[in-house]
Amino acid sequence: EAGVTQFPSHSVIEKGQTVTLRCDPISGHDNLYWYRRVMGKEIKFLLHFVKESKQDESGMPNNRFLAERTGGTYSTLKVQPAELEDSGVYFCASSLTTSQETQYFGPGTRLLVL
Amino acid sequence: SQQGEEDPQALSIQEGENATMNCSYKTSINNLQWYRQNSGRGLVHLILIRSNEREKHSGRLRVTLDTSKKSSSLLITASRAADTASYFCATKGNGYNKLIFGAGTRLAVHP
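Going line by line, the protein sequences match chains A and B.
If you read the first sequence in my numbering, its first letter stands for residue 306, the second for the next number, and so on.
If you read the second sequence in my numbering, its first letter stands for residue 129, the second for the next number, and so on.
These are calculated hints, taken from the structure and not from any lab test.
Keep in mind that a hint or two might mislead.
[As the list claims (entries may be wrong)] With a Cα cut of at most 25 Å, we get these calculated PhoX-like pairs of lysine-lysine:
id: 1; chain 1: A; residue 1: 383; chain 2: A; residue 2: 320
id: 2; chain 1: A; residue 1: 359; chain 2: B; residue 2: 197
id: 3; chain 1: B; residue 1: 197; chain 2: A; residue 2: 320
id: 4; chain 1: A; residue 1: 349; chain 2: A; residue 2: 359
id: 5; chain 1: B; residue 1: 154; chain 2: B; residue 2: 197
id: 6; chain 1: B; residue 1: 198; chain 2: A; residue 2: 346
id: 7; chain 1: B; residue 1: 154; chain 2: B; residue 2: 198
id: 8; chain 1: A; residue 1: 349; chain 2: A; residue 2: 320
id: 9; chain 1: A; residue 1: 383; chain 2: A; residue 2: 346
id: 10; chain 1: A; residue 1: 346; chain 2: B; residue 2: 197
id: 11; chain 1: A; residue 1: 349; chain 2: A; residue 2: 383
id: 12; chain 1: B; residue 1: 198; chain 2: A; residue 2: 359
id: 13; chain 1: A; residue 1: 349; chain 2: B; residue 2: 198
id: 14; chain 1: B; residue 1: 184; chain 2: B; residue 2: 154
id: 15; chain 1: A; residue 1: 383; chain 2: A; residue 2: 359
Given the sequences, and given the hints that come with them, work out the whole structure.
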């Protein structure tokens, strides 16, 4: 069974540009989560999808971040326009059900904004 | 920090020694989990302990939970060089699904 995959693995962009990150959860997992770790700080929750619906987006930092999960399969996280402080590692995780306690994480996308 | 502290921030030991990492948290929890991250890779789930449990074992891992002190510890016995990684605790509260992570402990195990 394939795990959670994320694309790209690395992205280097200039301030003001747009970047779109993609996450493919484990097949059949309804729950998809985005987290990020910036500047070596702790990993922080961004948002949670149940199928295509946003269940909790309390961690989204501002309106420059837009997450979608059309069709309830893969998800994208777009940052527009990117700022220097957006640099970090963006992780995606999935779980089969909302009550399943273990979240399975992808390898992350390393974003560097110059 | 939304989570609290993990200590130590970094730990360097020799193969065969035991490694102990501690985690403190701030809010009431449903469960506490430990994850490992090898350099450049994703987070791997290690073990989960529920709020009504005090100790749990999995192979060379032993986790304790003290809800009165809002703290947990992860013990890795007979460490190996392959255990070199960052270790994170994460809590899941009641009524929501997001994980709240600590800052992590970087463990280096030298052959």
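To see whether the hints hold, each was checked on the structure:
1. A/383 - A/320: holds (14 Å)
2. A/359 - B/197: Violated, because 34 Å separates the two Cα atoms, which is more than 25 Å.
3. B/197 - A/320: violated (44 Å)
4. A/349 - A/359: holds (17 Å)
5. B/154 - B/197: Within the cut-off at roughly 10 Å; holds.
6. B/198 - A/346: Given that 25 Å is the threshold and the Cα spacing comes to 21 Å, the pair holds.
7. B/154 - B/198: holds (7 Å)
8. A/349 - A/320: Answer holds: residue 349 of chain A to residue 320 of chain A is near 22 Å, not above 25 Å.
9. A/383 - A/346: Holds. Residue 383 of chain A to residue 346 of chain A sits at ~21 Å (cutoff 25 Å).
10. A/346 - B/197: Satisfied, since the Cα-Cα distance of roughly 24 Å is no more than 25 Å.
11. A/349 - A/383: Status holds; Cα separation ~17 Å.
12. B/198 - A/359: Cα-Cα ~30 Å, so violated.
13. A/349 - B/198: holds (20 Å)
14. B/184 - B/154: Roughly 21 Å separates the two Cα atoms, so the pair holds.
15. A/383 - A/359: holds (15 Å)
Consistency with the previously given hints fails for numbers 2, 3, 12, ordered from lowest to highest.
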